[in-house]
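Generate coordinates for the entire structure from the input sequences, incorporating the hints supplied.
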Amino acid sequence: MSGLEQDGNRGILTFNNDFGCDFITNLRLGTPSLYTQAVGSTHRGYRQWLPVLFWQDQWKASASTDITVGVRFEPVPTPTEAHRLDKLPYPCDCNNLAPRVGVARRLPRGAGVLRAAYGLQYGTVFATTYGQTRLNPPSFRLVVPQPDLHDPLRGIDLSNLASQRSGRFVISSNPVAPYSRQYNFSWEPRLPGNWKVQAGYVGSRSVKLFQMWFDNRARTVAGIPQTSATINQRRPDPSVQEIFRIHNSSRAWFNAARVSVVMPRARGFSGEVAYWFSKSMDLGNDYTATVGGADARLGRSQGQDFVH
Numbered sequence: 001m002s003g004l005e006q007d008g009n010r011g012i013l014t015f016n017n018d019f020g021c022d023f024i025t026n027l028r029l030g031t032p033s034l035y036t037q038a039v040g041s042t043h044r045g046y047r048q049w050l051p052v053l054f055w056q057d058q059w060k061a062s063a064s065t066d067i068t069v070g071v072r073f074e075p076v077p078t079p080t081e082a083h084r085l086d087k088l089p090y091p092c093d094c095n096n097l098a099p100r101v102g103v104a105r106r107l108p109r110g111a112g113v114l115r116a117a118y119g120l121q122y123g124t125v126f127a128t129t130y131g132q133t134r135l136n137p138p139s140f141r142l143v144v145p146q147p148d149l150h151d152p153l154r155g156i157d158l159s160n161l162a163s164q165r166s167g168r169f170v171i172s173s174n175p176v177a178p179y180s181r182q183y184n185f186s187w188e189p190r191l192p193g194n195w196k197v198q199a200g201y202v203g204s205r206s207v208k209l210f211q212m213w214f215d216n217r218a219r220t221v222a223g224i225p226q227t228s229a230t231i232n233q234r235r236p237d238p239s240v241q242e243i244f245r246i247h248n249s250s251r252a253w254f255n256a257a258r259v260s261v262v263m264p265r266a267r268g269f270s271g272e273v274a275y276w277f278s279k280s281m282d283l284g285n286d287y288t289a290t291v292g293g294a295d296a297r298l299g300r301s302q303g304q305d306f307v308h
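Count the sequence shown with my numbering and you get residues 1 to 308, in order.
Hints in this document: simulated from the structure, not taken from any laboratory. Treat each hint with caution, since some may be false.
As the list claims (entries may be wrong) - List time: in silico BS3-like cross-link candidates among lysine-lysine, alpha-carbon distance up to 30 Å:
#, residue 1, residue 2
1, Lys208, Lys279
2, Lys196, Lys60
3, Lys196, Lys279
4, Lys208, Lys87
Unchecked claim - Quick list of simulated restraints, FRET-style, between CB atoms:
#, residue 1, residue 2, range
5, Ser172, Val273, 17 to 27 Å
6, Leu107, Val71, 22 to 32 Å
7, Arg84, His308, 32 to 42 Å
8, Gly223, Asn184, 52 to 62 Å
Idealized CB from N, CA, C, for every residue including glycine.
And the structure:
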């Protein structure tokens with residue numbers, strides 16, 4: 001995977017509710033709160049093997065019972081960068097065994113069919129996740145609070161970037177592929193007159209989901225005005241700007257139940273009535289999170305110390 005990181009290459013002006021005005025007014029007045037720009041070469045060529053081995057079998061345990069079993073082995077080796085510009089600081093996640101089992105049984109005396117299944121599903125460590133390290137030195141991600149709209153980088157010497165404070169992307173030393181336990185159950189009884197009733201449940205528990213922690217954020221400091229212009233002055237570590245830490249620190253839950261009644265077709269007319277109930281919860285990021293770009297900010301907390 002070869003390409004260019006696009007987060008801030010052309011500069012990003014952020015207008016917020018600030019300076020006693022709403023953000024639309026600040027946009028019209030040309031008074032941005034932040035300017036962000038990636039400086040330096042962010043071209044990278046990442047290489048990664050993603051092998052998968054699997055086995056599956058079907059077993060007819062009896063005249064009324066079918067069982068399907070399987071297992072997958074999905075290691076996630078550490079990527080490398082073709083030009084040796086980045087070295088990713090984590091080992092291979094090589095113990096990803098994913099079993100699965102499904103059962104279908106025809107019940108006696110017309111009681112219908114029962115089906116149930118369970119599977120463990122692994123994701124991966126996404127390229128858009130680990131690829132953010134390309135914005136670390138020798139590349140830089142500069143954040144300028146309360147910039148001048150005409151010259152956002154005023155006062156920054158681009159010929160001496162080593163002397164500039166910049167943001168840092170820090171990947172946990174042991175990131176692993178997120179995984180999800182998924183299961184379902186359904187029952188379809190047989191009713192007189194070809195009426196059908198279907199009842200089902202599906203659920204999942206997803207763990208070790210990626211979440212970005214935004215550290216080294218500005219605090220309230222006595223003697224320094226709490227304004228956008230002083231953000232960098234009020235950081236706990238003044239030698240760097242915001243620190244973006246990538247962890248397997250979120251979890252998500254999903255449950256859904258459904259009951260439906262299907263009437264038999266009669267004179268060209270058929271009908272169905274169904275009721276659904278579902279609920280999903282997570283600790284800031286769900287199972288789709290790659291924590292790249294705007295996706296990272298979906299789980300951003302209001303404060304640095306409470307991230308869930």
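Hints, verified against the model:
no., hint, verdict
1, Lys208 with Lys279, "20 Å, holds"
2, Lys196 with Lys60, "26 Å, holds"
3, Lys196 with Lys279, "26 Å, holds"
4, Lys208 with Lys87, "23 Å, holds"
5, Ser172 with Val273: 17 to 27 Å, "49 Å, violated"
6, Leu107 with Val71: 22 to 32 Å, "29 Å, holds"
7, Arg84 with His308: 32 to 42 Å, "37 Å, holds"
8, Gly223 with Asn184: 52 to 62 Å, "60 Å, holds"
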